[in-house]
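Engineer: By the count of the working numbering, the sequence shown reaches residue 237 at its end, each step adding exactly one.
Some hints could be false.
Taking lysine-lysine pairs in the DSS-like style, the calculated list, with each CA pair at most 30 Å apart, reads [said to hold, decoys possible]:
1. LYS192 <-> LYS174
2. LYS230 <-> LYS192
3. LYS205 <-> LYS230
4. LYS230 <-> LYS174
5. LYS174 <-> LYS203
Derived by calculation from the structure, the hints in this document are not laboratory data.
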Amino acid sequence: MKTGNIILVPFPFSEITNIKVRPAVVISTTKDKYEDVIVSAISSVIPNSISANEIIIKSNSVNNL
């Protein structure tokens with residue numbers, strides 16, 4: 173896996189009673205024996221209020237969205 177790859181991962185619901193497979197982007201990977209992967213959830217739904225750890229990426233010719 174490489175930084176920027178889009179993958180499907182199981183994400184828990186807010187109440188942690190269920191899990192849904194969702195798309196995520198690979199932010200970073202480790203080169204150690206554990207091979208950890210850091211991901212960020214992706215959504216096409218823009219919430220009414222954005223939290224401090226959310227960003228909106230607008231489509232353009234650079235990101236091909």
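Engineer: Look at each hint and say if it fits the structure.
Structural biologist: Against the structure, the hints come out as follows:
no. : hint              : verdict
1   : LYS192 <-> LYS174 : holds, 23 Å
2   : LYS230 <-> LYS192 : holds, 25 Å
3   : LYS205 <-> LYS230 : violated, 36 Å
4   : LYS230 <-> LYS174 : holds, 22 Å
5   : LYS174 <-> LYS203 : holds, 11 Å
Of the numbered hints listed earlier, the single one contradicted by the structure is hint 3.
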